[in-house]
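Note that the protein sequences, when read in sequence, are chains A and B. Counting from 1, position 215 in the first sequence corresponds to residue 215 in the numbering used here; the numbering is continuous, with no gaps. Counting from 1, position 152 in the second sequence corresponds to residue 1152 in the numbering used here; the numbering is continuous, with no gaps.
It is worth saying that the hints were derived from the structure and are not from the lab.
Some chain B residues flagged as far from chain A (calculated, every beta-carbon gap over 10 Å):
#	residue
1	SER1058
2	GLY1130
3	PHE1137
4	GLY1138
5	SER1153
6	ARG1155
7	ALA1158
8	GLN1159
9	GLU1160
10	THR1167
Now the in silico label distances, taken between C-beta atoms and shown as ranges:
#	chain 1	residue 1	chain 2	residue 2	range
11	A	LYS2	B	PRO1136	12 to 22 Å
12	A	ASP169	B	LEU1161	52 to 62 Å
13	A	PRO181	B	ALA1133	33 to 43 Å
Backbone N, C-alpha and C define an ideal beta-carbon position, used for all residues, glycine too.
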Amino acid sequence: MKESDIEQLLKAARAAREFEDELAPCSRESSLARLDPSLTRLDPSLTRLGPHTQRSVVAFRWVASALAACIVVAVTVILWQSRTTVPEASVAVKPPRQLPSQPVVAPVIDDQVHVVVALYRNDTNVNENCPECWCVARWSAQWSDGRSIYEVQDDELVGASMAHACVLDPKQVVVVGLSGPASSMPASDQQALDLSLCLMGEVPATPQNCVPAGVDYCMASWNTR
Amino acid sequence: MPEPKSELSLLHERFGPGLVRHFQRRLSSASAGRAQGGDLAEELAQRTWIEFWHANESGAYDPKRAKPSTFLYAIASIIWLRSLRERGRAGRIGQLNSNDEWISDATGLDTAGALELAESIQAISDLVAGVDATAPFGDEDRQVLRAISQEKSEREIAQELQISPSTAHQRKKALLERVAGFLTGRGFDFSPVGRARPGSSDEERTSSTP
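Let the sequences and hints guide you as you build the complete structure.
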């Protein structure tokens, strides 16, 4: 092997580490949650990994899935009913609202605050990179069963976001769950938008550079096809 | 009583959404078009899992030699590069970066190549992390290797170690030679010139050169 091969291998090793961070349901900065390499090999101890495999997952997931399904059905019915009564002209592309800066009061659990950021678009040009086409909603992440952001499933995040949609008839939704020190949370909708666009790859940066140190995130998305 | 989930389905559950996100990010960076992004990202992720499954089922993949996430990275890389080749996108997105070109040449874009890439990455990652206690590399060596992986210049390495740039150059060169010798001694010979699986006999060696 040549020196140049070793250099390339080193770069590939770093890329593999970044890839592993990207794969995790919620990226974690702390060493506590970084998987012990021996645990990620294919062996029986794999079943003991992560907080969500230590609980009675089946029951939680049934409840969470049923709740998410109810929320989605309820919001769909409400949107459908409003669709039949609202004149077509007013369902045209609604300009994103002005981005306010009011704080979001987030629950503090174990010195960490949990916030959900959701972006919505109702235009059909979803292949266009268009920051101004998104409207932003933020709310505190109160998971009543005491789960942390790392234990939340993608479909649950998306389901919860439907209740906070800031446009009629969203065609694309991106949801980001954040957990970290209060001082590191986005303080305004603009900051939340910038962070989310960064995580979506709309700006040239690795996911680790999009969120402040010490902040963990989950991301899910949905769009009509 | 419900059957316990297989290790593979647990891995898929844990890493599946992240893998789709990975390809979505790659596609949006390559400006491949968001309209295609969602479907194509899922298709690429699916192909990655299929190759992973085949390698696992056939026994070719040994989890003791590379973590599942490392092997997934290697497969995802070749799947991505294959898709660029198939769709002829390389021209549209400009040149591949040097690491992509090297991976393409070194792996031959096949699963066997991905396996060797993953094992080589694991070996060098363990070396840099100091996991391998028998590896004759000190803390400063590992610091230099980390700096190289971060593509720092020799001047930056010199500043970190508080040495002259020429000394940094010599030290880097010597260190890379030592690492190459160490890995070759462990049976790794992963390069575009030729590769062999550690412990394989001469008859089993395959060369990627035409």
